Each structure stands twice: as C-alpha cells, then as structure tokens.
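*Asks:* Modelling step: build the complete structure from the supplied sequences, incorporating the hints.
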Amino acid sequence: MEIVDQVLKGDVRAVARLLRDIDDQVPSTRSILKELYPHTGKAYVIGFTGPPGAGKSTLVDQITAYYRKLGKTVAIIAIDPTSPFSGGAILGDRIRMQRHFLDKDVFIRSVATRGHFGGLTKSTHDMITVFDAMGKDIIIVETVGVGQGEVEIADCAHTTIVVTVPGLGDDIQAIKAGIMEIGNIFVVNKADREGAKKTVQELRNLLEMGRKFRMDIGEGDDWEPPIVETQAHKGIGIEELCEAIERHRAYLTTQKPEQFRKVMLKRTLHQFSETLKDELFKEMVKRIERRGESLETIAERIFQKELDPYSVSRQLIREEFVQHEEN
Amino acid sequence: MGNERKLRILIAKPGLDGHDRGARVIARALRDAGFEVIYTGCHQTPEQIVQTALQEDVDMIGLSILSGAHNYSFPRIMELLRENNAEDIVVVGGGIFPLEDIPKLKAIGIKEIFTPGSKLEDIVKWVRENVKPRKAAA
Numbered sequence: 002m003e004i005v006d007q008v009l010k011g012d013v014r015a016v017a018r019l020l021r022d023i024d025d026q027v028p029s030t031r032s033i034l035k036e037l038y039p040h041t042g043k044a045y046v047i048g049f050t051g052p053p054g055a056g057k058s059t060l061v062d063q064i065t066a067y068y069r070k071l072g073k074t075v076a077i078i079a080i081d082p083t084s085p086f087s088g089g090a091i092l093g094d095r096i097r098m099q100r101h102f103l104d105k106d107v108f109i110r111s112v113a114t115r116g117h118f119g120g121l122t123k124s125t126h127d128m129i130t131v132f133d134a135m136g137k138d139i140i141i142v143e144t145v146g147v148g149q150g151e152v153e154i155a156d157c158a159h160t161t162i163v164v165t166v167p168g169l170g171d172d173i174q175a176i177k178a179g180i181m182e183i184g185n186i187f188v189v190n191k192a193d194r195e196g197a198k199k200t201v202q203e204l205r206n207l208l209e210m211g212r213k214f215r216m217d218i219g220e221g222d223d224w225e226p227p228i229v230e231t232q233a234h235k236g237i238g239i240e241e242l243c244e245a246i247e248r249h250r251a252y253l254t255t256q257k258p259e260q261f262r263k264v265m266l267k268r269t270l271h272q273f274s275e276t277l278k279d280e281l282f283k284e285m286v287k288r289i290e291r292r293g294e295s296l297e298t299i300a301e302r303i304f305q306k307e308l309d310p311y312s313v314s315r316q317l318i319r320e321e322f323v324q325h326e327e328n
Numbered sequence: 014m015g016n017e018r019k020l021r022i023l024i025a026k027p028g029l030d031g032h033d034r035g036a037r038v039i040a041r042a043l044r045d046a047g048f049e050v051i052y053t054g055c056h057q058t059p060e061q062i063v064q065t066a067l068q069e070d071v072d073m074i075g076l077s078i079l080s081g082a083h084n085y086s087f088p089r090i091m092e093l094l095r096e097n098n099a100e101d102i103v104v105v106g107g108g109i110f111p112l113e114d115i116p117k118l119k120a121i122g123i124k125e126i127f128t129p130g131s132k133l134e135d136i137v138k139w140v141r142e143n144v145k146p147r148k149a150a151a
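Taken in order, these protein sequences are the chains called P and U. Quick note on numbering: the first sequence equals residues 2 to 328 in our numbering. Quick note on numbering: the second sequence equals residues 14 to 151 in our numbering.
There may be inaccurate statements among the hints.
Listing some non-contacts, in silico: residues in chain U with all C-beta distances to chain P over 12 Å [said to hold, decoys possible]:
#1 Asp-30
#2 Arg-34
#3 Asn-84
#4 Arg-89
#5 Val-103
#6 Pro-111
#7 Asp-114
#8 Ser-131
#9 Ala-149
List of simulated lysine to aspartate or glutamate pairs, DMTMM-like, C-alpha gap at most 20 Å [claimed, not checked]:
#10 U:Lys-145 x P:Asp-25
#11 P:Lys-213 x P:Glu-182
#12 U:Lys-148 x P:Glu-3
Keep in mind that the hints were calculated from the coordinates and are not lab data. From a predicted model like this one, the values you see are computed outputs, not experimental measurements. Where a beta carbon is used, it is the ideal one built from N, C-alpha and C, also for glycine.
*Replies:* Right, here's the structure in full:
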C-alpha cells in the first residue's frame with residue numbers, strides 16, 4: 002500500500018492526511034492501520050494531564066527541546082475540547098510550541114475531542130500507531146486539561162505526568178479523584194507562585210497515603226512518584242523533569258520489565274476494548290437500519306415509554322448477535 | 014456525521030503585528046459555526062505558517078494582518094504552498110489592506126480579502142460556500 006510506505010518513510014503530508022482520515026473515521030483507514038501495526042512498539046509515549054492553565058503546553062514545548070538536543074525525534078498530539086453546542090473547536094496548544102514549527106523532526110498535531118470524554122479522542126490510540134510507525138522516538142500526548150476524571154491518558158502513555166499549579170486553593174483535594182492514582186510523575190508548575198511549597202507538601206502527603214493504601218491491599222508497586230517543581234516558561238526544573246521521565250522509563254524497561262509489560266498490556270487492552278466497542282456499535286447501528294429503523298426511531302419509542310433502554314438493548318443483541326438455540 | 018467532514022481552518026498572523034483581537038474574534042466565530050480552528054498566534058513567518066498548514070492538514074488558511082506587510086508575506090506563503098504541492102488549500106486574508114493591493118493579491122491566488130467592517134456571518138457564509146473539506150485520501 003502506497004500510503005503505508007509513505008508513512009514509514011516519514012512523508013509529512015501523507016501522515017497528516019492519514020491522521021485526519023482516522024479522526025474522521027474513514028473506513029479504509031482500518032486496513033492501513035493493520036498494515037502499520039507490526040511496525041510499532043519503538044516509540045516512548047509520555048502523557049501530560051492536569052487542569053487548564055497549569056502550563057502543560059509550555060512544559061511539552063520545553064521537554065521537546067530537551068529531547069531534540071539529545072537527537073530524538075518527537076511527535077506531539079495536542080488535544081483541545083470540542084464545543085458541545087457548535088461541534089467546532091479552537092485548537093490553540095500549538096501557540097506555546099512555536100519554536101519547533103520549522104524543525105523537520107517535530108510533528109505537532111492538534112486534535113479536538115469531538116464529544117469523547119476521558120481526556121483523549123477516539124483517534125488518539127490510532128494516531129500514536131501512525132507516529133510510532135513513522136519512526137518517532139518520543140510521542141507526547143497532551144490531554145484536554147479538564148483535570149478530574151481524565152484518566153484515559155494512563156491507558157495510552159508509558160509515563161503519565163500530572164501537572165498542577167499552586168493557588169488552586171484547598172482544591173489539592175479536588176485533584177484527588179482519579180488523577181492522583183494515574184500519575185507516575187507530578188509537576189508543580191509556576192513554582193515561583195505563593196503556596197508552592199504547601200502544594201508540594203500536600204501532594205506528598207496524598208501520594209504517601211495513596212501508596213500506603215495500595216500496599217495494604219496488595220496492589221502496590223515500588224515506584225515512588227517524584228514531585229518536580231518547575232517554572233516552565235523560564236525553563237526551570239525541566240532537566241529534573243526529564244531526568245524523572247528517564248528514571249521511570251528505566252524502571253519500566255530494565256529494573257521491572259514485568260511492570261513495562263503490564264503497562265504495554267494495559268495499553269493494548271484499552272485500545273482493543275475501545276476498537277471493539279466502536280466496531281460493535283457501528284455494526285449494531287447498521288443492523289438496526291437494515292430492519293428499517295434507526296437509533297432515533299427507537300429513542301422516540303423509549304421516550305413514549307413504549308420501551309425501556311435496557312430491554313431494547315438486550316433484545317437487539319439477542320436477535321442480531323446471539324445464535325438461535327437448537328431446540 | 015455522514016459525509017460531512019469537519020473543516021479544518023488555520024488562522025495565522027504573519028509578520029510583526031501584535032494585535033490579535035480580530036484574529037481571535039474570527040477564530041471564535043468559525044468555531045461557533047462548527048469548524049475546527051487551529052490558531053497559532055502572532056509573529057509567524059510564512060515558513061512556519063505553511064509547515065503548520067501541512068502538518069494539520071487544513072482546508073483553509075486565514076491570514077490576519079494589520080501591519081501592511083502583506084505584499085511580502087502573502088506571495089511568499091503562496092510560493093511555499095506551491096513548492097509543497099499544497100495549492101488546494103484555500104487562502105484568504107483579513108485586516109487592513111490598501112484597496113489597490115487587493116486585485117494584486119487575488120491575482121496571486123488569495124481567494125478573498127475581508128476588510129474591516131466585514132460581518133462575521135458573511136465571512137462564515139463565504140467559508141461554507143467556498144471551502145470544501147479535502148476528500149479522503151484513502
């Protein structure tokens with residue numbers, strides 16, 4: 002397939018078009034991704050999550066510069082929210098990464114969530130596949146930045162970095178839900194601001210409690226997430242952050258290969274589950290339409306209380322997917 | 014979603030002018046019209062703009078400029094698009110343009126120029142009528 006060769010060769014336009022076709026769920030991309038998949042597995046995926054305004058994009062820009070100095074090639078997937086009202090989006094993360102625009106070895110792609118929750122987009126896993134096959138050493142995924150509940154990133158990144166800033170008040174408690182458990186490294190950005198030390202201490206306490214709890218229930222691993230203070234726009238703390246990333250990477254790949262395997266397996270499982278869910282749903286919609294109905298007509302009947310969503314779902318599955326039992 | 018691919022539009026400010034409120038207003042109007050808008054901020058060189066357009070696979074580039082440097086940057090951008098086989102990307106300009114320059118810009122391939130006073134709904138309407146999403150590559 003020509004497009005496959007183009008991706009493997011690193012053709013920017015071909016990759017850019019393929020990424021868009023994937024995002025638009027063009028059916029032919031399935032077979033292209035199948036052909037690309039065997040060429041993946043070399044890239045290291047770093048995820049950035051955290052509330053809006055924490056400085057994720059600036060940090061991404063800085064660590065990209067750091068990896069470029071080491072001669073690594075980088076791809077960045079920058080995710081911004083789709084407006085639930087208009088379906089449009091403003092994708093502005095690029096603004097913070099301008100110095101890399103002309104670097105042939107940095108590919109920046111902005112994507113909109115298009116209604117997907119969890120921090121990523123439907124297409125993120127597949128976009129990672131493309132960048133991996135393209136030969137990028139490092140793939141950075143910057144999530145939407147809603148904060149809480151954005152835990153999907155942990156299912157696609159090897160190292161997940163949670164970014165926060167001082168001055169979110171007592172809401173260090175607020176970032177507890179989910180995000181605390183997925184961070185491999187924690188960053189307190191804008192560390193020159195008032196309350197930075199307090200934020201670091203509170204984080205440390207929360208992490209310690211969480212670790213102890215997981216150890217008690219037998220689910221602990223012995224990675225202690227470091228807390229790095231940064232001032233991203235000044236470049237302060239960036240080297241420490243990158244060293245922490247490399248330490249985590251070493252932990253995963255050499256010291257604890259079973260941890261790495263666990264992470265990779267989790268990634269694969271997540272991608273597979275999401276793909277399966279998507280394919281099943283699409284297939285079911287097709288079958289509903291073949292019967293002369295649509296999601297909307299069924300929804301109307303549910304609305305009129307003729308049916309309930311649970312029974313109708315079960316019935317559809319039984320009628321469409323389950324084999325008839327021989328009596 | 015059917016066959017309607019979402020339009021991807023790049024709004025960029027070439028050159029040295031630092032006043033981007035107009036660009037932001039346009040970006041927001043385009044978002045409210047349902048498009049995906051990549052906004053790269055001020056102080057972009059033609060090279061940066063074209064690289065962004067290529068990586069982001071945009072259907073249209075909107076160049077916002079108030080400084081008068083359009084006679085350099087616009088032709089340079091068109092030249093770079095040609096060099097990269099990307100002439101299918103629709104390019105428009107918005108901002109301050111001497112009237113006598115507008116025909117010259119259109120002659121080099123700028124599809125439309127929106128001057129101050131252009132209504133947002135007219136701009137959105139123009140985009141809907143004149144810019145189509147790229148056909149699927151595969």
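*Asks:* All the hints need checking, so say for each whether the structure fits it.
*Replies:* Each hint tested on the structure:
1. Asp-30: The assertion about Asp-30 of chain U holds, with a minimum of 16 Å to chain P.
2. Arg-34: Since the minimum Cβ distance to chain P is about 14 Å, Arg-34 of chain U lies beyond 12 Å and the statement holds.
3. Asn-84: It holds; Asn-84 of chain U is separated from chain P by about 23 Å at its closest Cβ, greater than 12 Å.
4. Arg-89: holds, 14 Å
5. Val-103: holds, 16 Å
6. Pro-111: The assertion about Pro-111 of chain U holds, with a minimum of 29 Å to chain P.
7. Asp-114: Asp-114 of chain U clear of chain P: closest Cβ-Cβ about 27 Å, beyond 12 Å.
8. Ser-131: holds, 19 Å
9. Ala-149: violated, 4 Å
10. U:Lys-145 x P:Asp-25: holds, 15 Å
11. P:Lys-213 x P:Glu-182: holds, 12 Å
12. U:Lys-148 x P:Glu-3: This hinted pair holds, its Cα atoms lying about 17 Å apart.
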